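Peer 1: The primary structure of each chain is shown beneath.
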Amino acid sequence: MLSEERRVEQQSALTQPAAGRLAAPDVRDEFGLETIDMSMGPQHPAMHGLLRLILELDGETVVRCDPVMGYLHRCQEKIAENRMYPAVIPLTDRLDYFANMHNEHGYVLAVEDQLDVEIPPRAEYIRVLMCELMRLASHIPSIGFLMLELGAFTPILYAFRERERIQTIFEAVTGARMMFHYIRIGGVKADLPPDIPQQIWDYIEGLEARFQSDFVDLIQDNEIFISRTRGVGKMTGEKALEMGLTGPPLRCTGVDFDIRRDYPYSIYPELEFDVITDTAGDVEASYRVRIAECLQSIRLIKQCLEKMPEGAVMGDLGRRLRPKEGDGFGRVESPRGEFAVHIVSDGSDTPYRVHYRDPSFCNMQLLQEVVPGHYLPDIMPIMGLIDPVSGGWDK
Amino acid sequence: MQTVLNLLEAEPIRLFLSFGVILFLVLNLAAILTMAERKASAYIQLRYGPNRVGPRGLLQPAADVFKLFTKENVTPGRADLWVFLGAPIAMFIPAALVWMVVPFSPDAVVADLNVGILFFVAITSIGALGVVMAGYGSRSTFSLLGALRGAAQIISYEVPLILSLLGVIMLTGSLSLVDVVNAQGDAFWTWYFLPQLPMFLTFYIAGLAEVKRVPFDLPEGESEIVGGFMVEYSGMTWALIQAAEFASMGLMSAVSVTLFLGGWQPPLPFLDLGPFNWVWFGLKTSLIMFTFQWIRWSLPRLRMDQLMDLGWKVLVPITLVWLFVTAGAMLIIPGN
Amino acid sequence: MAVTLPEGNLEDRLKRYLDGFSGRHGLRESEIIGNAVRVVVAPGDVPAVLATAKEALGIRHLSFITVVDRVGSFELTYELIDLRGARVMVKAVIEGEEPVIGSVTGIYPTANWHEREAYDMFGVAFAGHPDLRRLYMWQDHFDHHPLLKSFEISTRRTFEGLR
Amino acid sequence: MPQVGQGILKGMGVTLRHLFENKITRQYPEYKRDLPERSRGMLTVDMDRCIACLQCMRICPDHCISIEQEKRDADGSGKAKPYAIGFVIDDSRCMYCSLCVEVCPVNCIYHTEEFEAQAYNRLELARQFGERPVDPTIDPKPAVKKKPKAAKTAPKKEAAA
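Protein chains in written order, with the working numbering: chain W, 1 to 395; chain D, 1 to 336; chain F, 1 to 163; chain S, 1 to 161.
Simulated from the structure, these hints should not be mistaken for lab results.
Note that this is a predicted model, so its numbers are computed, not measured.
We put the beta carbon where it would ideally sit given N, CA and C, even for glycine.
Hints are not guaranteed to be accurate.
[To be verified] Computed spacing ranges between beta-carbons, pair by pair:
hint	chain 1	residue 1	chain 2	residue 2	range
1	D	Phe-290	W	Gly-231	30 to 36 angstroms
2	S	Leu-19	D	Val-53	21 to 27 angstroms
3	S	Glu-102	W	Asp-195	21 to 27 angstroms
[Stated by the list, open to error] Some chain W residues close to chain F (C-beta under 8 angstroms, calculated; not the full set):
hint	residue
4	His-73
5	Glu-238
6	Glu-242
7	Gly-244
8	Phe-257
9	His-342
Next up, chain W with everything else stripped away, as it sits in the complex (with noise of 0.2 angstroms):
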């Protein structure tokens, strides 16, 4: 059966007492009864990814939840400092496959900050239409994957057309449907082809007539969904602060941080879009705040294309590309949260040190602090209120 080494590895990681290895509690009742051990994972179909929970559970409540992390670690930041700059941005697009052009912003954002170089408005005018398409790619599914963790089976087909038809656009933009690659140091690849600013206009109209009935009426009155996300996840904005929650499980809290106001980056001064916040803290907070944010990335995705300029796209970079010594950073408000690049340059083309924050490896803490407490089937919509992307936690 398992082998001997492997059978000595499982068993450490569970074995090792429940009270020193973390905060919770150690929970005996008084008749002294046992809590069952369950590991929920990798492979699980409410996981976001590959994640392994090692649950102590009192019956259905869970007296510990410790996530055991690592299965989709490939290193990138050792193969970044390999690797000379450009050709780092195919790796970011693989880090939260789910927020690709968010990370490729970011890590470019890092960049520029270390060179001297001037980038077009047009340039500018892509990438945040592009970023905005992006965060209804992603916070549309968010919805879907919370509501089949809830057993729904449909809302998650509705949320994958839509998807599917921001994909054909990225497609005939970029060329690719996920691992886009357009991004660049210095501006995007390749110019809007002439069809797409129309194309996206008809797709916008569309989605604002749909997003009603598909995403609204089917969800948010519903008194199974009500009662399973209400109150559930409860945390207040000092909590998520001190664990270091940022984007929407952050604002569903109260706290109104948004790194696109907060932290100006790209031609976000000049467009104007409100930031939402919700007061409850609890999963539904979260779906509301989320479905608010859509409506929001509708409204800069307009303005985008209504004051979009002419002229290049591409800023001119020396031959040779090496960044001024030091520290570069570039901060991005991805979907899920706050995605921070920090590059230490030592002059040469490839990269001394590549740190990448990423936003579902620092909300995923909540696991480990909110779960305790609740039932068993409650851990799934934690994570919807989360919903981390397993590429992103672990890097």
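Dock chains D, F and S against chain W, hints included.
Peer 2: The following block gives chains D, F and S in isolation, referenced to the frame of chain W:
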């Protein structure tokens, strides 16, 4: 030749032959329902569903059955063999047995017991045993959780199921299903679902819970415990559990049609088809089965404590209140 | 009660942070670049500096911890943001091969996994961390730290069994 | 009226309405979508224009292009010019990032609309373009041992600090 026919007419042999026919019909019903389920879910989700095997996908059930026959029955290492293999049988027999009591048309009833409803209630309570056997027998945490959930759910939803039958029994005064249908008259406003509307809804919801379908499919919680008590089954054993699921789903809709929607009675008097009245029974049952599937593809799943609250704190009080209302109405309105 | 976030325009907030730091701890270097305050401190009093940042100055969000392997020494960067446009970079350089530094999980609980990842990837031991285990790699049977410069990438292609 | 079942019924109304809408899935093998003009499928090389400058081999991040360069005097001008006698693209490693297409000076390597790359054995995915087959299992750019540059910059930092 005549003696052979008389022999066949003799009571024990007729019963076995008709049970064989019923078994054949129920297995076909299960196969067709899997196909109907996949087509209905596909059309709701804006896709086509199986349309490759046979003309427009009609041979898909045959392909499924053939696959399940040839698939290997994997039994987990530590499983308790007898309990593990006995569970599908313990789940399928009740679902098939109760079909003998269901009146398709006045004379097409296998066994017109005068305690038909009591027989239905007694046999469906065996289903909980099958779930616990499956969950406990496969010796894995997921299936154990599924089994415990299944047992708690099925046993606690039998109470509203039975209470909602009492109203119908009080109105007809007899336990035999054929009498219940005859007492309902052949126009839809004389059917029992109008005077007994809350009872009908409770029976429908409790039926959904008995059959473990969304929003009550916690024993098989797809996204939580990955298949619950069914997780360790594959091949023919899994197929038998699925057949039991679909047979009991068809059974629940057939019984609710018999009790509340006037069995084989036509909705309007002039639509009476005489000997072909079982067509009405078929139409009404498939309508109810379609609503089962329609609910399955548009609602999420309840949590265990909410499931229990709904059962005990909502459905049981409704049925008790409506029993008094029915009793009062029967006293006040003479000749009802 | 809602979370109170710092107001006021950027420049004087940055100056306030700078005086707040220089007032309390001996800083090796401190300067303001754009919207960031860059502070270099001795590794010993990193927890103290972050404590003042959190309590005294009200900077509530630790964005990330970057460890850079300068072959002879390790350079840690703590990136703090106050959610309203200002950034604080606390840098510390630890000499030697076996880096040990105080853990800041007590002050910023979010540092729990950042430090575990730094330990897993670089071997930086964080004293006082509640649960310092490896985050990505196998718990036992793997005693390397992949992101060190000394850890070689092997691009040997494995094709056995596919001829 | 308290929230008793209206939300559920509204949701089921939506699903019922979708039941009768026309379907959106496309039957893939029978109906092949016409890909947009820029879509990046499997690579192909126009061998007679290739001048074997090895740019694409150097820039490829996944080391999937291996070229064997030879010198010959093709057009009788007396000077032997390099050409690629062996050219292999290993599709089991290629991630379609199109860095090679951008760097090729004579742009003779470009994407086709073909994206169904499947084979029973990974080695069959290595497509040969030149006269002589090239062994795809050899890494064209083995990782050269980078001398630790940090030593060079470290002393400068001490001097500066």
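Peer 1: Now look at each hint and say whether the structure bears it out.
Peer 2: Hint by hint, here is what the structure shows:
1. D/Phe-290 to W/Gly-231: 30 to 36 angstroms: Once the Cβ atoms are compared, 35 angstroms apart, the range 30 to 36 angstroms for W/Gly-231 and D/Phe-290 holds.
2. S/Leu-19 to D/Val-53: 21 to 27 angstroms: Given about 23 angstroms between the Cβ atoms, the range holds.
3. S/Glu-102 to W/Asp-195: 21 to 27 angstroms: Between S/Glu-102 and W/Asp-195, where Cβ atoms are some 24 angstroms apart, the hint holds.
4. His-73: Where the cut-off is 8 angstroms and the nearest Cβ of chain F is about 4 angstroms from W/His-73, the hint holds.
5. Glu-238: holds, 6 angstroms
6. Glu-242: holds, 5 angstroms
7. Gly-244: holds, 3 angstroms
8. Phe-257: Hint on W/Phe-257: holds, closest Cβ of chain F at ~4 angstroms, below 8 angstroms.
9. His-342: holds, 5 angstroms
Hint compliance for this structure: every hint is met.
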